[in-house]
Amino acid sequence: DQQVKQNSPSLSVQEGRISILNCDYTNSMFDYFLWYKKYPAEGPTFLISISSIKDKNEDGRFTVFLNKSAKHLSLHIVPSQPGDSAVYFCAPIRAMYSGGGADGLTFGKGTHLIIQP
Amino acid sequence: NAGVTQTPKFQVLKTGQSMTLQCAQDMNHEYMSWYRQDPGMGLRLIHYSVGAGITDQGEVPNGYNVSRSTTEDFPLRLLSAAPSQTSVYFCASSRRATGGVGSGLDDEQFFGPGTRLTVL
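In the order they appear, the protein sequences are chains W and Z. For the record, in the first sequence the residue sitting at position 98 is 1186 according to our numbering, with numbers rising by one throughout. For the record, in the second sequence the residue sitting at position 39 is 64 according to our numbering, with numbers rising by one throughout.
Careful: at least some of the hints might be erroneous.
[Unchecked claim] Below are the DSBU-like pairs computed for lysine-lysine, each with C-alpha atoms no more than 35 angstroms apart in a straight line: (1) W:Lys-1093 with Z:Lys-34; (2) W:Lys-1156 with W:Lys-1144; (3) W:Lys-1125 with Z:Lys-34; (4) Z:Lys-39 with W:Lys-1125; (5) W:Lys-1142 with W:Lys-1156; (6) W:Lys-1093 with W:Lys-1142; (7) W:Lys-1159 with W:Lys-1144; (8) W:Lys-1156 with W:Lys-1093; (9) W:Lys-1144 with W:Lys-1093.
If you're looking for bench data, these hints aren't it; they were derived computationally from the structure.
All chains should be built: construct the whole structure from the sequences, respecting the hints.
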């Protein structure tokens, strides 16, 4: 059972417009949410994060919104640039989980963002 | 700093062969982990280590062994390769553990470039 769902495998956006990538989760114990970006033949790199005590976090062209009641978050990129073409993964963690272990990142399947010139 | 390095970049094995995927980091990170990524899937955690001498299983540990004798190195061993282990393998490290109380919320996980493994 997928705990993290990114229902759009791919998204095509024109350069300069806004890109909106969505992520839904089912585990209410997730309390910290990260977005990773991945180029072909490279490892993922951290992009932006948000804590569950916030509903918005902004970093330059990137903004992440969190709707806890809907268990939904979205990543907005504006304006979109050609270098943003990559696969974006939503990766929540249970930062306050005290059940033992360090269960790492739970990744969604990713959304392939293609920025059209 | 070289960051997280992985060798080899590509490997082809026959069913039943064994091999070790190497991972090293030069950032003095305590936490290291191995993920696999299959087509159309997100990354899934295989094993992780919160420090030298300490390892634990992740979501998909079967068929893999790990050890952590030094802070820098975290090799992943395939004991008897199977076609189901064809995947891209990523090693990651961070200053503190990811997930669980005391998680390094501000500690970024750094990923290596990956090893593409094919098992025939």
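- Starting from the hint list further up, note which numbers the structure goes against and sort them upward. Structure breaks no hint.
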